[in-house]
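There are 2 protein chains.
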Amino acid sequence: MVQTAPLVRMAELEIDPAQLDAYRTLLAEEIEASVASEPGVLALSAVAAKDDPARLTILEIYADQAAYEAHLRTPHFRKYKALTAEMVRSLRLVEMTPVALRAKSGALDWP
Amino acid sequence: MVQTAPLVRMAELEIDPAQLDAYRTLLAEEIEASVASEPGVLALSAVAAKDDPARLTILEIYADQAAYEAHLRTPHFRKYKALTAEMVRSLRLVEMTPVALRAKSGALDWP
Numbered sequence: 001m002v003q004t005a006p007l008v009r010m011a012e013l014e015i016d017p018a019q020l021d022a023y024r025t026l027l028a029e030e031i032e033a034s035v036a037s038e039p040g041v042l043a044l045s046a047v048a049a050k051d052d053p054a055r056l057t058i059l060e061i062y063a064d065q066a067a068y069e070a071h072l073r074t075p076h077f078r079k080y081k082a083l084t085a086e087m088v089r090s091l092r093l094v095e096m097t098p099v100a101l102r103a104k105s106g107a108l109d110w111p
Numbered sequence: 001m002v003q004t005a006p007l008v009r010m011a012e013l014e015i016d017p018a019q020l021d022a023y024r025t026l027l028a029e030e031i032e033a034s035v036a037s038e039p040g041v042l043a044l045s046a047v048a049a050k051d052d053p054a055r056l057t058i059l060e061i062y063a064d065q066a067a068y069e070a071h072l073r074t075p076h077f078r079k080y081k082a083l084t085a086e087m088v089r090s091l092r093l094v095e096m097t098p099v100a101l102r103a104k105s106g107a108l109d110w111p
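Residue numbers (my numbering), protein chains in the order written: chain A, 1 to 111; chain B, 1 to 111.
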């Protein structure tokens, strides 16, 4: 159980449609590596609008500010940022606070 | 591990600021009951904008359409809808598809 409020950010992205498949692959790799290898990355949920698949939302949940800053310095995050820089048309980061977060153990594991 | 793509919805809500504390309590109760008691409710993440706490986003992840429909018929969801009806100024539901979903086991457990 998390004892202090986790740090939550929401990223809203618009991706170049011509590069969407490549972007999705790089994002999925980055998310898998981050949650698997970083103790302070609690959850990353990337979803796309059904009627506009180039518009993505990523809900990012970190244990705390230090975990978020450590995440930005990891090789897998830096690789993702470098390789996707020309794919992202716009990026909006919104700072959030958690109201209620619940997931079944092992249930967020896609693909 | 989820074998088929889960059903994902994003709810964007604006709550009456005067009733925000009461709304947050009812929402947190509903989320806890849903994930604890419904096999097909995989995760519910409710967050508020840091600079505008009356604006909430809920990322809802269900095993499939049947799980979502079953959720709508539960006593705890019906209670939540009835008691919060006059608290919600606007509600926008957006159908999403998952790109990548990962969480550490047991990490989404707030508050």
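These are computed hints drawn from the structure, not numbers from a lab. Some hints could be false.
What follows is a list of derived Cβ distance ranges for each label pair [what the hints assert, rightly or not]:
#	chain 1	residue 1	chain 2	residue 2	range
1	B	Glu-14	A	Ala-18	32 to 38 angstroms
2	A	Ser-90	B	Asp-51	41 to 47 angstroms
3	B	Glu-86	A	Ala-5	40 to 46 angstroms
4	B	Pro-53	A	Thr-74	29 to 35 angstroms
Positions of the beta carbon are idealized from the N, C-alpha and C atoms, including for glycine.
Here is how each hint holds up against the structure:
About 35 angstroms separates the C-beta atoms of Glu-14 (chain B) and Ala-18 (chain A), a value consistent with the hinted range of 32 to 38 angstroms. A beta carbon spacing of about 19 angstroms between Ser-90 (chain A) and Asp-51 (chain B) contradicts the range 41 to 47 angstroms that was offered as a hint. The hinted window of 40 to 46 angstroms between Glu-86 (chain B) and Ala-5 (chain A) is violated, with their beta carbons roughly 28 angstroms apart. Evaluation of the 29 to 35 angstroms hint for Pro-53 (chain B) and Thr-74 (chain A) yields a pass: the beta carbon distance comes to about 31 angstroms.
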